[in-house]
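**Student:** Can you join these two chains into the complex? Each is in its own frame, and there are hints to help.
Chains as they are written, first to last, in the working numbering: chain A, 1 to 260; chain B, 1001 to 1347.
Read the hints as simulated data drawn from the structure, not as lab findings.
Worth double-checking, as some hints may not be accurate.
[To be verified] Once the Cα atoms are required to be at most 25 angstroms apart in a straight line, the calculated DMTMM-like pairs of lysine to aspartate or glutamate come out as: (1) Lys147(A) / Glu1080(B); (2) Lys1226(B) / Glu196(A); (3) Lys1238(B) / Asp161(A); (4) Lys226(A) / Glu1142(B); (5) Lys167(A) / Glu1073(B); (6) Lys253(A) / Asp1304(B); (7) Lys1238(B) / Glu182(A); (8) Lys253(A) / Glu1313(B); (9) Lys49(A) / Glu196(A); (10) Lys2(A) / Asp1203(B); (11) Lys238(A) / Asp1312(B); (12) Lys1338(B) / Asp1322(B); (13) Lys1242(B) / Asp1270(B); (14) Lys1226(B) / Asp151(A); (15) Lys1242(B) / Asp161(A); (16) Lys2(A) / Asp67(A); (17) Lys169(A) / Asp1312(B); (18) Lys49(A) / Asp151(A); (19) Lys167(A) / Glu1080(B); (20) Lys1036(B) / Asp1056(B); (21) Lys1331(B) / Asp1312(B).
[Stated by the list, open to error] Heads up, incomplete: computed chain B residues facing chain A, CB under 8 angstroms, no partners named: (22) Gly1120; (23) Ala1123; (24) Ile1135; (25) Leu1210; (26) Tyr1323.
Think of the CB as a built atom: it goes at the ideal place given N, C-alpha and C, for glycine as much as any other residue.
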Amino acid sequence: MKIVVCVKQVPDTKGGVKFNPDGTLDRAAMLTIMNPDDKAGLEAALRLKDEYGAEVTVLTMGLPKADEVLREAIAMGADHGILVTDRVLGGADTWATSTTIAGAIRNLEYDLIITGRQAIDGDTAQVGPQIAEHLGLPVISYAQDIKIDGDSVIVQRQYEDRYHELKAKMPCLITALSELNEPRYMTPGGIFDAYEKEVTVWGRADLKDVDDSNLGLKGSPTKIAKASDKVRKGAGEKVTLDAEEAVAYLMGKFKEKHVI
Amino acid sequence: MGLEEYKGVFVFAQQVDNVLDGVAFELLGKAKDLAKDLSTEVTAVLIGSDVKGLADQLAEYGADRVIVVDDPELKEYRTEPYAHALASVINEYKPEIMLVGATAIGRDLGPTVSARVATGLTADCTVLEIGDFPINPTANQEQKHNQLLMTRPAFGGNTIATIACPDNRPQMATVRPGVMQKIAPIEGAKANIVEFNPGFTPDNRYVEILNIVKAVKNTADIMDAKVLVSGGRGVGSKENFKLLDELAEVLGGTVSCSRAVVENGWQPVDLQVGQTGKTVRPQIYFAIGISGAIQHVAGMEDSDLIVAINKDEDAPIFDVADYGLVGDLNKIVPALTKALKEEMNKK
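Next up, chain B with everything else stripped away, as it sits in the complex (with noise of 0.2 angstroms):
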């Protein structure tokens, strides 16, 4: 088959509990961008199990055909029969481009779909644009035009790789959630909703969901915040995050924190902002007693300003750091606090 015959960005619309998860606005805000480019148009896929009520909102965000694939077997994640939904589609419906985010959900079912329909799939990707490949015109090879051309960050963010799918069909991406920008909602927009049901039979590879555990969710989204105090292995023990709290508190923030916070059990995984963790980027991003691993700076030097608190001068994070304080952390952020608090009673 022709490659010219693969036509459309489409978007894996992620949703949990029949929520739509705020990574597939972001997609359709970047597909819509991509398919004004390539004169072509913007389609969702909408998984699940009495989700078709979700489709309006996907045409608020950009989307202008949603299909949705419904069925009762699709109530909750399970890599098998969602991947058989979404490679289904993508059989039938011939994507050029295919963008799932890359979230836990989509870093299992991307690689999954990517094997099944036999094509390439870039994870984790932080640009994306159209344009040709080979980037300059090489000799030997055809320089092919109107292709995806897929950014990321490799070799624990230390290297950034353009990566093209030149050959294979759809061109697929995985995009970390936070770095694409959802497009206002245009309120009342509607989509041609399309209805598709590939069958679904359980075999071998259905397991089966014996419970779901959901972890207390008491925090806000950092990745919404505005502000983040992040503190590192440098605050000391869980107890005195109560410093972070404060500072937050006074600034309207919230905590966050590094990987090395997450393993000794002072702070819940979803605050963990990095490689492993999330991608930020609020207003001002506080870094205390965070050493700056490569891995935790590739997840928050995109923030526009960013302070870093740690008593070694020679600490990387302070490479990155718009502002940084060598010092004492249990002196200066209480202090900090203080200043602050009465800075806002002045107004």
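Isolated chain A (complex conformation) (with noise of 0.2 angstroms):
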């Protein structure tokens, strides 16, 4: 069985967030990890590899240095790893990222792509179900389990209030919750092979059969009208209290906003 995972490095968000002067994110400027969702999507990916044997490649799209979350995923287990850069696919929306992603998939050979649901940095969840469509795939999104039937993969599908199970024949596409699991740390050995291993390189000329009326930030259809910090309502009064005499500060609040 082939596998191909999806990966992407993201910025951690508990650190600070920049911008280009055109409103799209300055990613060179940024603390990065692997997206905890696609993380997620790759252990599922090792644990299929460790139960019914397989071959892994993950495969990312973004500026060199993403290159590091091929090689964390290698140093996990996975055995090959592909980085699709190009400064014509900057800027890329969900549209022309997917429309990249495809591109690049078109090349390999798989039974089954897994994505993660969303990235913390744009949280769109977009991506994956995008991907399966420009490659005319099924598309199961939010599984929280997985599980391999002959040709057939048996996938919980989450909603709200319910989940689905439900049997999808290969090849197909899955968008994994970071509930799925708990990732693996990577390997002593696994780091080794990390830095032993070539991680392939495409760029533009690379995609298969996208025009480049879909690439990068003039593919886009959507378009930045402009982006700015969050503005908070800010800090009200904080005390430090006793707890019989924080009761009292806090029944009188109430009060004097008529909540009681």
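**Tutor:** This is the structure we're talking about:
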């Protein structure tokens, strides 16, 4: 079985967020991690590899430094890493990102594609289903459990108040929730491998069956009109009192505000 | 095809088990505002099996027209055939705006359909308005009027971005549940009902549903609560949530929680507030033992009144709280419950 896992290097949102003058994210200026849902997707792939045997290829699109997440993935147990990077691909929205990744995946053999549900920078959850759409594959989003059954996958697909147990014929695309599992750590042997192994680097010319008009900032249907730091309403009063006094203080405020 | 051929504001009227989701009504409320600005009509797209009877309800909440796609294949939600249904409606009726709830269904259906009809999609919007793009006139770029400007939080709620889709139609957005206001229903309102069936032929993309497992739901929806008593990791244990249950009971409120609590298995996921949970805006929000990670704050900061109780005086939750009590929740919460009980008994 061949599995492609799509991962994204994301800014650690606990740190600061910086923008380019055109309103897109200045990714070069921030601390980064492997996106948590993607890491769960990778772990799911590695567990399928452990259980059924599989060749796991990790693919990312980003700046040259996104190579780091591929090496981390290899250190966890992935077999190959592919970095899709090219200046003309920059500034892509979810549409142009999904056309790029689909263009890269068309070069590969696969039974299963796993992406994270969403990345913590954009939180859109759009790229996974859009890749599936470009490749004509069934998509199962929000996976909380993945099993293989012959030539099919059986997946628990989460909704707000229920889950569906779904069966899809491979090839298909699954988007993983971080609740799916607890990702493993890198192993010492894996870390050694990570620096020994060649990471494949692809540019625009390596993308298959994609028109220039669907790539990068220019190929993005959505445009940023403005971006700004969120204005918060700010802190109110903060008191440190013993329990009885604290309650008396709060009851006073509640009465003042006619809450009670 | 010219963009001007696309007209009208369309709403995906999500239903599950033949019950309309609240977000459908919220979207209709917003769609009415947008349609007024554009001098156009509001159309609800109702997809399911045996769902025609729900059309009147959509009319009461503001739909001028309801397009019904009714087929036995559409009984349960599956990406395919639902994406085929909605994409076919878009291709046939050409809306200029297509709104979808940012639910576990909408966040799967939206991207699939937007890719199929080759347009942009903006996720999890919190503000939608009609305006110009670029917002200010710019040299060497045509300023387009009557564009949908879609505002959304990004980067874990650290920033907000306003996005336009000037050159593709429809302009598509998913919208966070609980953010838009539904209108007071107009009793007896009728919509123009149009039945449309594009035909459904199962292919490789149709998955099989083996089993449907519904979570036991014995809790009120936290998005409807006037008072939320929300607990975080600091509550310490599943058992200790009884302190919060008691406080909620006195105030006629509901218990909710942070993500850490769900991850620890202390409360079910449908009580989770925040970026990956629900957006809430109750009259009073108690944040008890919640540190206030940005992802949590993004889901509750629009509450009318926020009370935080935390032993860590540097907890970021205090930055958004109207009243912050630094101290031991195990002492403060029961004392507060007792004081409120006494106050209520006086009345």
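**Student:** If you test the structure against every hint from before, which numbers come out violated?
**Tutor:** 2, 14 and 17
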